[in-house]
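A.B. asks: Sequence:
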Amino acid sequence: MSYKNSILLGTIGGYRDRFHQYQVDRSFEERLSIAKSIPRTHGVEPVYPQDLGHDGSGVKVLKESGLAVSAVNVNVKTEDKFRDGSFTNPDAAIREEATQYVMTAMDLAAELGAEMVTVCPLIDGWDYAFQVDHIKQWRWMIECFAKATAHRDDIKVCIEYKAYESKNHIILPSMGRTLHFCDRVGAKNLGVTMDVGHALIAGESPGSEIAVANEAGRLFYIHFNDNDRGADWDMLPASVHLWETLETLHYMREIGYDGWVAYDVFTRSGDNAEAIASTFEIMEDLDSLLDKIGKDKLQQLIKGGRPQSTYRDLIKALL
Numbered sequence: 377m378s379y380k381n382s383i384l385l386g387t388i389g390g391y392r393d394r395f396h397q398y399q400v401d402r403s404f405e406e407r408l409s410i411a412k413s414i415p416r417t418h419g420v421e422p423v424y425p426q427d428l429g430h431d432g433s434g435v436k437v438l439k440e441s442g443l444a445v446s447a448v449n450v451n452v453k454t455e456d457k458f459r460d461g462s463f464t465n466p467d468a469a470i471r472e473e474a475t476q477y478v479m480t481a482m483d484l485a486a487e488l489g490a491e492m493v494t495v496c497p498l499i500d501g502w503d504y505a506f507q508v509d510h511i512k513q514w515r516w517m518i519e520c521f522a523k524a525t526a527h528r529d530d531i532k533v534c535i536e537y538k539a540y541e542s543k544n545h546i547i548l549p550s551m552g553r554t555l556h557f558c559d560r561v562g563a564k565n566l567g568v569t570m571d572v573g574h575a576l577i578a579g580e581s582p583g584s585e586i587a588v589a590n591e592a593g594r595l596f597y598i599h600f601n602d603n604d605r606g607a608d609w610d611m612l613p614a615s616v617h618l619w620e621t622l623e624t625l626h627y628m629r630e631i632g633y634d635g636w637v638a639y640d641v642f643t644r645s646g647d648n649a650e651a652i653a654s655t656f657e658i659m660e661d662l663d664s665l666l667d668k669i670g671k672d673k674l675q676q677l678i679k680g681g682r683p684q685s686t687y688r689d690l691i692k693a694l695l
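Whatever position you read off the sequence shown (first residue = 1), add 376 for my numbering.
It should be emphasised that the hints constitute simulated quantities derived from the structure, not laboratory data. The beta carbon of each residue, even a glycine, is placed where N, CA and C say it ideally should be. Treat the hints with caution; some may be incorrect.
Stated by the list, open to error - Derived DSS-like pairs (lysine-lysine); straight-line CA-CA distance at most 25 angstroms:
#1 K412 with K453
#2 K457 with K523
#3 K668 with K679
#4 K439 with K412
#5 K564 with K523
#6 K679 with K692
#7 K436 with K412
Unchecked claim - Restraint ranges, calculated between C-beta atoms of paired labels, are given here:
#8 F506 with A693: 38 to 44 angstroms
#9 E405 with E473: 23 to 29 angstroms
#10 Y687 with G432: 18 to 24 angstroms
#11 E440 with R560: 36 to 42 angstroms
#12 I518 with R392: 32 to 38 angstroms
#13 I518 with W619: 21 to 27 angstroms
#14 D604 with S685: 43 to 49 angstroms
#15 E473 with I631: 18 to 24 angstroms
When you get a sec, could you build the whole thing from the sequences and use the hints?
C.D. replies: As structure tokens, this is what we get:
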């Protein structure tokens with residue numbers, strides 16, 4: 377394992393859906409303390425402005441914790457002013473505010489010694505046909521990210537794409553469209569956060585998308601979790617898609633990925649800190665499985681291209 381483990385701080389706080397709350401709410405300080413106590417933790421991913429504060433007051437607390445920061449997560453979706461969109465809001469003042477959030481987060485990331493911010497534009501999209509002007513939305517997105525990325529070239533801006541939620545259709549729903557968007561903006565410091573769970577619900581193969589994003593020079597960050605491809609369940613890695621997860625790790629090795637991997641894993645039952653600790657162990661065990669199979673065997677199977685023998689041989693290699 378050459379990558380570094382990071383915890384999304386929200387995963388060890390309160391967790392709720394439409395029906396119940398499953399975990400207790402915890403302060404920023406409490407979550408940082410728990411993160412420090414989890415073995416194999418190399419860093420954390422805080423949220424701006426909810427964790428760090430609009431005024432950046434949380435930076436001092438985070439620095440005092442001694443934890444490294446993988447990236448600052450920019451939240452431009454939950455505040456009421458973003459109800460009709462952030463970067464694609466028809467109100468130019470709201471678009472400007474969303475862009476300023478990214479630029480402020482970039483400054484805070486630099487202060488925290490991080491190299492990236494990550495943003496998931498979940499509120500930018502549409503629910504119905506003829507609900508939005510697609511031409512204007514696309515142009516507004518380009519304008520916002522062109523301005524944000526120009527703010528400073530020493531901090532990368534990572535777009536975490538997703539097919540749906542909270543809008544039925546999100547403007548950047550897939551790896552391909554996100555890479556095209558990055559090319560349209562043209563900034564060298566604009567790239568992708570590849571969330572394995574988001575790739576799955578988009579009908580993608582995460583290993584393939586990693587290969588494509590890396591070839592484009594846009595693979596900046598990776599989030600791991602799992603689901604059934606029907607919804608973003610944020611389950612433990614490989615709990616549903618064992619083979620796809622192993623393939624993802626294989627291609628991370630092939631491209632020499634040694635950056636940050638953050639874990640977006642929520643649990644309804646049991647202790648959520650324990651779930652993150654288990655996640656780290658699972659990832660190490662998956663790496664060990666790849667070692668047991670061996671690179672030569674994997675390359676031989678890929679070259680053969682026959683699934684009827686591939687899975688037979690893979691299972692035999694694991695016995």
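A.B. asks: Name the hints, by number, that the structure is in violation of.
C.D. replies: 1, 8, 10, 13, 14 and 15
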